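Asks: All residue numbers for the sequence shown refer to the UniProt record's numbering, where the first residue is 1 and numbers rise by one.
In case anyone wonders, no lab produced these hints; they're calculated from the structure. Watch out, some of these pointers could steer you wrong.
What follows is a list of derived Cβ distance ranges for each label pair [unchecked claim]:
1. D22 <-> Y107: 34 to 44 Å
2. L138 <-> Q5: 16 to 26 Å
3. A54 <-> R113: 18 to 28 Å
4. T87 <-> S141: 36 to 46 Å
5. S127 <-> A54: 18 to 28 Å
6. D84 <-> G146: 46 to 56 Å
7. G77 <-> G101: 12 to 22 Å
8. T51 <-> D30: 36 to 46 Å
9. G140 <-> S65: 40 to 50 Å
10. D3 <-> E49: 35 to 45 Å
This one's a predicted model, so the numbers in the text were calculated from it and none came from an experiment. Even for Gly, the Cβ is constructed at its ideal location relative to N, Cα and C.
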Amino acid sequence: MTDLQSIVDRFEIGTLPAEFTDAGMMHDYDRFAELFTEDGIFRIPGAVEFTSRAEIRAGIVRMKSVWEYFVQNVHPGSVVVDGDTATGRAYIYEFGRFHDGQSYSNYAVYHDRYRRTPDGWKFAERSYEIKYVDTSPLPGSVPAEGETHVDVEI
Numbered sequence: 001m002t003d004l005q006s007i008v009d010r011f012e013i014g015t016l017p018a019e020f021t022d023a024g025m026m027h028d029y030d031r032f033a034e035l036f037t038e039d040g041i042f043r044i045p046g047a048v049e050f051t052s053r054a055e056i057r058a059g060i061v062r063m064k065s066v067w068e069y070f071v072q073n074v075h076p077g078s079v080v081v082d083g084d085t086a087t088g089r090a091y092i093y094e095f096g097r098f099h100d101g102q103s104y105s106n107y108a109v110y111h112d113r114y115r116r117t118p119d120g121w122k123f124a125e126r127s128y129e130i131k132y133v134d135t136s137p138l139p140g141s142v143p144a145e146g147e148t149h150v151d152v153e154i
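Could you put together the complete structure from these sequences and hints?
Replies: So this is what it looks like as structure tokens:
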């Protein structure tokens with residue numbers, strides 16, 4: 001493999017965690033599922049395990065339906081490429097409020113396995129490891145639709 005190919009592989013793999021977060025935040029569940037191989041696995045130990053694109057799509061729809069709002073931030077981690085497979089990590093901070101009024105925030109790590117496919121790099125497996133949880137009530141609120149209120153003088 002050329003040095004250029006290695007750079008391209010790392011770039012393509014590096015975009016997957018950002019695309020995952022964006023697809024989830026934008027409720028684009030088809031795009032979310034397409035980030036995985038057909039036999040891809042999405043796992044949150046002790047909570048869920050989905051083992052195909054169809055299960056992942058249906059599962060993320062169910063998971064997102066319990067939130068009043070949900071925000072996820074992704075931070076890049078390591079990527080190690082080995083031919084047509086790779087491993088990596090992405091660091092996550094997320095928070096939100098459930099429809100029942102309970103708040104939730106956490107810091108976590110996704111442990112990822114990637115596979116090169118004819119359609120580019122995809123997640124072969126994504127496993128979530130929570131490092132810190134806080135269920136204190138969140139002090140903020142969701143702006144009303146169309147509201148762009150900012151309490152800052154610019």
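Asks: With respect to the beta-carbon atoms only, verify the hint that S127 and A54 lie 18 to 28 Å apart.
Replies: holds, 19 Å
Asks: For D3 and E49, compare the CB-CB distance with the range 35 to 45 Å and indicate the outcome.
Replies: holds, 38 Å
Asks: Can you tell me whether the CB distance of G77 to G101 sits inside 12 to 22 Å?
Replies: violated, 33 Å
Asks: At the C-beta level, are T51 and D30 separated by a distance inside 36 to 46 Å?
Replies: For T51 and D30 the Cβ distance comes to about 18 Å; the hint is violated.
Asks: Evaluate the given range 18 to 28 Å for the C-beta pair formed by A54 and R113.
Replies: Since the Cβ atoms of A54 and R113 sit about 20 Å apart, the hinted range of 18 to 28 Å holds.
Asks: Does the hinted range 34 to 44 Å hold for D22 and Y107 at CB?
Replies: violated, 20 Å
Asks: Between G140 and S65, does the beta-carbon spacing fit 40 to 50 Å?
Replies: Since the Cβ atoms of G140 and S65 sit about 21 Å apart, the hinted range of 40 to 50 Å is violated.
Asks: Given the range 46 to 56 Å, decide if the beta-carbon distance of D84 to G146 lies inside it.
Replies: holds, 47 Å
Asks: Between the beta carbons of L138 and Q5, is the distance compatible with 16 to 26 Å?
Replies: violated, 45 Å
Asks: At the C-beta level, are T87 and S141 separated by a distance inside 36 to 46 Å?
Replies: Once the Cβ atoms are compared, 39 Å apart, the range 36 to 46 Å for S141 and T87 holds.
Hints 1, 2, 7, 8 and 9, counting from the list given before, are not met by this structure.
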